[in-house]
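Chain residues, written in single-letter form:
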Amino acid sequence: MLTIKNLEKRFGSLRALDDVSLEVEDDSIVGLIGPNGSGKTTLFNVVSGFYEKDGGEVYFKGERIDGLPPNKIAKKGLCRTFQVSKAPEKMTVLENMLLAAKRQLGENPFSALFMRPRVQKSEKANLDMALELLDMLQLSQLKNDYAGDLSGGQKKLLSLGRVFMLKPDMILLDEPTAGVNPTLRVQLMEAIRQLQKMERKAFFIIEHSMKVISNICDKVYVLNFGKKIAEGTPEEIQQNEQVLEAYLSGA
Amino acid sequence: MDIAQILINTLVRAAELSLLAIGLTMVFDILKFANFAHTDYAVLGALFAYVFNRILGLNLFLAIILAAFVTGWVGILIDQAIFKRLRKIGAKPVTLMITSMGTAIALRNLMRLIWTSHTKTYAIPLQKPLEILGARITPLQIGIIVVGLLSMIAFHLLLHRTTFGKALRAISDNSDLANACAIDSEKMIKRMWFLASAYGVIGGSMIAMEHLLYPRLGFDIIIPVFCATILGGIGNPYGAMLGALTLAFAENLILALDLAPLINLGGLFNVGSIQISTGYKPAISFMILIIVLLFKPTGILRKK
Amino acid sequence: MPIINFIIYLLTMIGIYSLLAMSLNFQVGFTGLINFGQVAFFCIGAYTSSLLVVNAGVPVVVAFLVAMALSGIFGYIMSIPTKSLKSDYWAIATLASGEIVRLVALNEAWLTAGPFGVMGIPQILKDLIPKDAYPVFYLLFVIACIIMVYIFLSMLTNSPFGRNLKAIRDEEELCLSLGKDTQKLKLQAMIVAGTVGGLAGSLFAFYIQFISPENFKPIETFLMWAMIIVGGRGNFKGAIIGAVVIQLFNVSTRFLGNYVPLGSDSMAALRMTIIGVLIILFLLFRPEGLIKEKKKVYD
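Protein chains in written order, with the numbering used here: chain H, 1218 to 1468; chain Z, 10 to 313; chain C, 9 to 307.
All clues stand as given, with none of them false.
Computed cross-link-like contacts, DSS-like style, restricted to lysine-lysine with a CA-CA straight-line distance of at most 25 Å:
1) LYS1222/H with LYS1292/H
2) LYS1307/H with LYS1319/H
3) LYS1341/H with LYS303/C
4) LYS1414/H with LYS1292/H
5) LYS91/C with LYS1270/H
6) LYS302/C with LYS1341/H
7) LYS1307/H with LYS91/C
8) LYS303/C with LYS1360/H
9) LYS199/Z with LYS175/Z
10) LYS300/C with LYS97/Z
11) LYS245/C with LYS1307/H
12) LYS101/Z with LYS94/C
13) LYS94/C with LYS1289/H
14) LYS302/C with LYS1360/H
15) LYS1278/H with LYS1384/H
16) LYS101/Z with LYS302/C
17) LYS1341/H with LYS304/C
18) LYS1338/H with LYS1319/H
19) LYS1278/H with LYS1293/H
20) LYS304/C with LYS101/Z
21) LYS1289/H with LYS192/C
22) LYS1319/H with LYS1414/H
23) LYS175/Z with LYS196/Z
24) LYS300/C with LYS101/Z
25) LYS1444/H with LYS1222/H
26) LYS97/Z with LYS1307/H
27) LYS199/Z with LYS93/Z
28) LYS304/C with LYS1319/H
Heads up, incomplete: computed chain C residues facing chain Z, CB under 10 Å, no partners named:
29) VAL36
30) ILE42
31) ALA101
32) ALA234
33) MET280
34) GLY284
35) LEU286
36) PHE290
What the hints contain is simulated information worked out from the structure, not anything from laboratory work.
Idealized CB from N, CA, C, for every residue including glycine.
Chain H extracted, bound-state conformation (with noise of 0.2 Å):
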């Protein structure tokens, strides 16, 4: 699904990204770890488009994407989150979702005047579908508060609930349970899982805790100093000295 070969991203003399190589299958989810400032949401930013890599390739579904603008990206497929959630202050939970929907009715002033009933009939599904997801993340009863006045982790949720809208193949999900509370944080797990199970979704996921990696992932990626230091299952990773010892001088 994903195929990112020899990518180099530099900020001034700092290599962020060095010649990371890595791939995502179809269907599967993929863990990405690391110290803080190991670059992983610069690996993120690159392949979403909104930095410009130095260096390497990216294929999604076959594809080049490397250079596209991330809005191209995000509609051949390919979402994000972000790692501190983006919420439009003054929109409320359900504008935020229906926002995201895909392909809308009305998104040009054209449409948006003179097809108004087929817009309204399209607004109407979208609504249903939004509505479902929010109750499945718990946010029914904010539908109609304003993004900006939710806490970090509700936006969090708010943010996958988001991109669910768009019916991506595959997900990049930076940090997607950090502040939400343990117990939404297993139903989350649960339901990312179930997602892929049924409808075959990728999923690649930054995530700091290794008991979420290690619980649903299939496969997971070690980045130190923009290298990928190891790559393996869970259990491999876990037992992987060079992983430990990142972890252990960077804390």
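Model the placement of chains Z and C on the given structure of chain H, informed by the hints.
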């Protein structure tokens, strides 16, 4: 116009603009907003200098120094009254920018109310131009270039010899205020406003000396100053100087240029010598600004 | 009855500025585009429609439509740099572009009669309306335009298109990550805003019947800004209320000038000082303006 004259005019203009651009770039860098009132502070100072010079009879040089000092405090006061409050409630930079536009309108018109719209001049003896390499330069213009150079050397020393300067450079290098500051950040912001406003006053007074002084002057020079700042790369004081120099050169070159060959397209038409009509003089820096923004919004000297 | 005439004049000017404030609000309040050159739309609309009628004898309806189209195109041109520019840089550029438009009107005398301005702009439907009733007729015409624009803009802002614009205003990167072409959306928003601004310009020219570059100084943009800051952004009622407050203040103080021992220049300066202070006070103490942005509630 020959090249020597263009170079002299460039130096004079660059000296004036860079002192204004330095302040603008500091505010932009530290508080992250474009201060649309910056040149109005400068004009306020120039008008103070006018009062000290013409009404109190102070020597012009001293008058400007005193005015720079007073306006430095005005800069701090306005920050305390307006911008600090906005920082406290966590307003976005965009809000600060819009507020600075409101401040500019209020300040400009307050000056117009106090000093009227009439143009003013300082007590300067009539200037007799000297000839250098066939170009004309007045003693006043020489003075402007010298003062400009001295101010920039002083700024360089300040950047490298004081804790304030070191903190400033640290911020310019990357991180935000909170991380870079060994010293208290509000104190740092106060010093920054003082310095930005005071330097602006020197630049503004020099423009007023060479041309005319009137309350609306701030609006007429805001675009060139922004242009120099952006051209040099925001957050870089040396860039501001270089940007001012580049803009001044471009302005003078375009003014002096004969555009006929461009229009004639190698003999296709036959138009005599054409120069930019004086009515479009203010538009030159606007056009340069837009071109810079379109093609090199990061400026010549990129931030590290 | 001069007082009635004055009130009708005041209401008409409020109406024309309401359109400009709604257009600015559409950019600032909904899309987050900080346009300090809003007066350019006003200027292009006024000059295009009046020159077409006065110099080329084009029917008024066509002139209005062409004026709106040209302002819309100018909006398109202004939106191009938003692709590579951060919002503050773009704001600086708009300030310059507003002045460039005025300088063209001032300098291209062969087209615009330069500083002398365009004179003898005819009244619309002059022969059909009795002379005494004309001011009222024009006021009604302006009000009809406001109602139309209000409905038109509200339909847009309540649609998925409007939702996308709001998302650009609040979190542009999020919008990109959701696959929205934010550049195209901004472009469409600027065209819409430009068209409305062009309509206001045309209405102004045919009301005043004489326009010159003096009418389109940067100060006009600041007045429009004061309107949306005082009235409130993110809703069109706020823009109209703002236009009422600021124009009432602006126009009525001109007449107060007769009773205050200040010259006209000082009076104008005092007026603008107060408007500047008003902008600051609102941003500090009531940033949402008189009318708050309405929350969109689903049940």
